[in-house]
Amino acid sequence: MLFNSPEFLFCFLPIVLIGYFSLNHFNQIDLAKGWLFLASLFFYSWWNPMYLPIILGSMLFNFFVGKALNKQKDSNSKRWILIAGITFNLSLLIFFKYTDFLIENINSLTAGHISLLHITLPLAISFFTFQQIAYLVDSYQGLTGTYNFFNYGLFVAFFPQLIAGPIVHHSEMMPQFYTEENKNFSYENFVKGLYVFFMGLGKKIIIADTFAIFANHGYGNTASLTMLDGWITSLSYAGQLYFDFSGYTDMAIGAALMFNIKIPINFNSPYKALSIQDFWRRWHITLSRFLRDYIYIPLGGNRNGEFKTLSNLMITFIIGGIWHGAGWTFVFWGFLHGAGLIIHRLWQKTGLKMPNIIALILTFNFVNVAWVFFRATTWTDAINVLSAMFGIGKVWDLQVTVLIDIYAIPMALCGIVLLFYKNTNQLLQEFSFNTKHLASAISLITLGMLFINSTTANDFLYFDF
Amino acid sequence: MEAKKFLLKVSIISLSTIAVFVTFNYFLDIYGLFRPDDQRELKVYTNERTSKYLLSYHYIPDNFEGIIIGPSLSANLNTKTIKEYKIYNASIMGANISELRYLVDNIVERGNLRFVIICLDPYLTKDHGKKSARIDPKEYYGALGSTNLIKTYLFKLIRENELLPDKFPNNIINDYGYNNFNLELKEDNPREKILEKVRQKSTETTYVDPAAEDELGATIAYLRQNNIQVIAYFSPVPHQILAINTENYRAYQNRMLRLFTEQDIVLDLNDLRFKAITSDFNTYIDHGHLSEEGQKFVLGELKQALLENVQPRNLKYSER
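Chains Y and Z supply the protein sequences, listed in that same order. So for the first sequence, the working numbering puts the first residue at 1426; every next one is plus one. So for the second sequence, the working numbering puts the first residue at -2; every next one is plus one.
No wet-lab data here; the hints were simulated from the structure. Nothing here was measured: the structure is a model prediction, and the numbers come from that model. Some hints could be false.
[Said to hold, decoys possible] With the Cβ distance kept under 7 Å, some of the chain Z side facing chain Y (calculated, not the full set):
| id | residue |
| --- | --- |
| 1 | M(-2) |
| 2 | V7 |
| 3 | G142 |
Even for Gly, the Cβ is constructed at its ideal location relative to N, Cα and C.
Please put together the full structure from these sequences, using the hints given.
This is the structure in structure tokens:
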């Protein structure tokens, strides 16, 4: 079920909200949590019920491993339990996500003919696996409490964040489900949630899906792109990805807020970043946090000298790259960002300063070029787009062929303006119950409804990862 | 303002705005979906795919006894000129058989169709499946309020008031579905276009997608099951182009002919007896689309076939 589908907006969300707060109202607190947990599983299995045993199995396994880690006093045994737990999670992820990729590479190296398994990737497996690995590591460090299965299941499967994050930490979620005041319906949270949700909806169906028209056309015809086409294509994808993913996150934050649950922000105007380091503090913040806490720091972080620090950065970002998808283009995208961070770190050591505007342009263009490898399905496509952008092997041609729908251009221009406007978090902080916000909420809702009724709901890009 | 009051105001104003907009669209009913009215003459202003698909719900089945389906090659046949029958031209620019089947299903299900004319050209069966999301049952509700609807109003305003007559002429697609796209095209020299193809020894593709072939066969069978007379015609190809591609084209024709039975009528407008017409450059506007002369020729042949096989409702056989 997609957040931008009528079945979610008009059926699922209202029914789950009414059920949850009614049960809480009659003091059926455990039942209310059970209701929310079951609703989340229903939400998950809407795409394909075949995936349900996988997520349930994964939750049960990690719940009991977490319990074992909490009980175990012997540090050596604890260590082995943790290793077994992480191995299981990674094996599950590798099997579903990387088996065919590994077979392809083995075939290439050995000129072999091992048949591909064509395994379908269960939805959200990358997200719920990372979330649970973090839980196991924290249990090993004695940072988790004793939860019952429904509470644990709700932390993993809570539907607003289940499919594409934010990757939440148990310490920021579990207490909220226990807080007494969160059990009562709050008009304030509901209105704010609604406001953020419709802001996200607008980002997705008005802006991101408009950029997608140009990006998809460009990436579908990379061989014939002119220089301008190359830039429009890459910039459109940069816009599409940001509005799509941050739109999804806004909807997740908004939907959770309606249940009085605050989930962490995931974006903070990333294209305003002044360096790659700054970019990763603003883009997919919860993934950056996970990579830092559970990969970079355990690798040694910056504690073992400069060379080790730089290599830890590179390893972390290559893992981040492959987490996004099973392909060498994703690995290269991760490598580019790792290299960007290393160069930034070395630059900082020189003590030189760059004017902000130049830093912004440089950072944005670096990110934009790297997105080409992230989006392109083949190396050839990536090289074609970049060659077009930089006029390599092309006749100087200013013709534009990717702007296939002229009626979409004004919406794309609005998107560009919005990139430099206040972000959702800032707008939410400013929100108050006044006429200005009343007008803005009504506009968002009516426009959202118009666009929902106009298009066939498109998947969110991060569902593929 | 407190949160509860804010929520109440947001809900009331948003719902009222939406209700007013939906009611307005319901009563305007630009696609004839919501109000039964046999006397309306509904035209297409933009987005031919969605518009004709929506018209296939009520307007076409309620008002027409026959339809033509095909790609752009038949879209510019003005069926209004055949006075003996009410025929809607449900052809769509760039459409394949999968997309046209959506319209056929709607019209057959809801109307009392007597015949369907199929324009046979390799374009119809070179691929299958929907080429865009523009033909979708969800569009039905889009007629109550959507961006497509707003765009349609805008084009209605521009076309009917002739605000940009050179770019968006009025009456581009009339109430019989005739797409007079010649109005929007730049003038081409058909002689040059055709001879260029011949010079390049360009063999027009005659590839048939097996799934599309099955879909066409299934569509014809469906029409037969519903006692609807099937009349198909091979759209005229410039003889000069056909001459360098005869073998492939005849193979294509034979493959198509296997889908029809004796009950059906199939006209070969590329038969040698029409050579004088198909080799005349004036029959075309480019390397294949029909000029007014070409349209007259095709419509004439279709009318003849209809008169021989389908009794006009307002004419008795003896009066023909």
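We went through each hint and held it up to the structure:
Against a cut-off of 7 Å between C-beta atoms, the interface hint on M(-2) (chain Z) holds, since the closest Cβ of chain Y lies about 4 Å away. With its C-beta approaching chain Y no nearer than about 5 Å, V7 (chain Z) sits inside the 7 Å limit, and its interface hint holds. At about 6 Å, the closest approach between the beta carbon of G142 (chain Z) and any beta carbon in chain Y falls short of 7 Å, and the interface hint on this residue holds.
Going through the hint list in order, the structure satisfies each hint without exception.
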